[in-house]
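Protein chains in written order, with the working numbering: chain V, 29 to 140; chain Y, 60 to 172.
Derived by calculation from the structure, the hints in this document are not laboratory data. Do not take every clue at face value.
Claimed, not checked - Below 16 Å or equal to it, Euclidean Cα-Cα: the simulated EDC-like pairs (lysine to aspartate or glutamate) are: (1) LYS159/Y x GLU126/V; (2) LYS47/V x ASP113/V; (3) LYS138/Y x GLU76/Y; (4) LYS68/V x ASP113/V; (5) LYS138/Y x GLU119/Y; (6) LYS69/V x GLU68/Y; (7) LYS159/Y x GLU72/V; (8) LYS118/Y x GLU140/Y; (9) LYS68/V x GLU68/Y; (10) LYS101/Y x GLU133/V; (11) LYS68/V x ASP98/Y; (12) LYS159/Y x GLU84/V.
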Amino acid sequence: ETGVTQTPRHLVMGMTNKKSLKCEQHLGHNAMYWYKQSAKKPLELMFVYSLEERVENNSVPSRFSPECPNSSHLFLHLHTLQPEDSALYLCASSQVLENTIYFGEGSWLTVV
Amino acid sequence: EDQVTQSPEALRLQEGESSSLNCSYTVSGLRGLFWYRQDPGKGPEFLFTLYSAGEEKEKERLKATLTKKESFLHITAPKPEDSATYLCAVQYGSGFGNEKLTFGTGTRLTIIP
Numbered sequence: 029e030t031g032v033t034q035t036p037r038h039l040v041m042g043m044t045n046k047k048s049l050k051c052e053q054h055l056g057h058n059a060m061y062w063y064k065q066s067a068k069k070p071l072e073l074m075f076v077y078s079l080e081e082r083v084e085n086n087s088v089p090s091r092f093s094p095e096c097p098n099s100s101h102l103f104l105h106l107h108t109l110q111p112e113d114s115a116l117y118l119c120a121s122s123q124v125l126e127n128t129i130y131f132g133e134g135s136w137l138t139v140v
Numbered sequence: 060e061d062q063v064t065q066s067p068e069a070l071r072l073q074e075g076e077s078s079s080l081n082c083s084y085t086v087s088g089l090r091g092l093f094w095y096r097q098d099p100g101k102g103p104e105f106l107f108t109l110y111s112a113g114e115e116k117e118k119e120r121l122k123a124t125l126t127k128k129e130s131f132l133h134i135t136a137p138k139p140e141d142s143a144t145y146l147c148a149v150q151y152g153s154g155f156g157n158e159k160l161t162f163g164t165g166t167r168l169t170i171i172p
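Modelling step: build the complete structure from the supplied sequences, incorporating the hints.
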């Protein structure tokens, strides 16, 4: 069982829909991340939360909206997405001041 | 420009045929180099962290090494279950709160029985 759990694993949504991705970590970490993985491209960091505060937002379009209610949970709210947003969205966690981050299994998003 | 480059892009080996994957980097202030394994449709699984040139880490058939410019992931006598994409990531930055983690595009390894 992975220490970082993501739901749903697969999501198909229309461009006018609103949906959310959920992430929960069971590792006692205090930093959480959203990454986007597209074919043939490196992982792209989207958002970082450290001690429940957003510390990085890498020029991500406003149609992606993160939420971190506590150190164990992270959400990515999605609205009016574009087909090019179809990708694998990965949640990860780490301990602040420690280097290694641990990933969840990912949520496959298809925008139609 | 800070970069992480992995080669080859894809590698096919016969079972038992040893080889190496390369990760070269051009960053300032290296704080750590990470190797991950990713199976199709799944998230990356952590393998190793290397912090300084000359450091080596081993796990089963895998051995990671680090120099000032590159890292190698050596795979000895691989088995079909070693087939996966191997990702390299580099963490760098000048101090607390300024660390960046940059990933390469990965090497897709296929071990043929």
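The hints, checked one at a time:
1. LYS159/Y x GLU126/V: 13 Å, holds
2. LYS47/V x ASP113/V: 13 Å, holds
3. LYS138/Y x GLU76/Y: 9 Å, holds
4. LYS68/V x ASP113/V: 15 Å, holds
5. LYS138/Y x GLU119/Y: 11 Å, holds
6. LYS69/V x GLU68/Y: Since the Cα atoms of LYS69/V and GLU68/Y sit roughly 12 Å apart, the hinted pair holds (cutoff 16 Å).
7. LYS159/Y x GLU72/V: 11 Å, holds
8. LYS118/Y x GLU140/Y: 14 Å, holds
9. LYS68/V x GLU68/Y: It holds: about 10 Å lies between the C-alpha atoms, which stays within 16 Å.
10. LYS101/Y x GLU133/V: Holds. LYS101/Y to GLU133/V sits at ~5 Å (cutoff 16 Å).
11. LYS68/V x ASP98/Y: 15 Å, holds
12. LYS159/Y x GLU84/V: Between LYS159/Y and GLU84/V the Cα gap is close to 10 Å, so the pair holds against 16 Å.
Taken one by one, the earlier hints all hold for this structure without exception.
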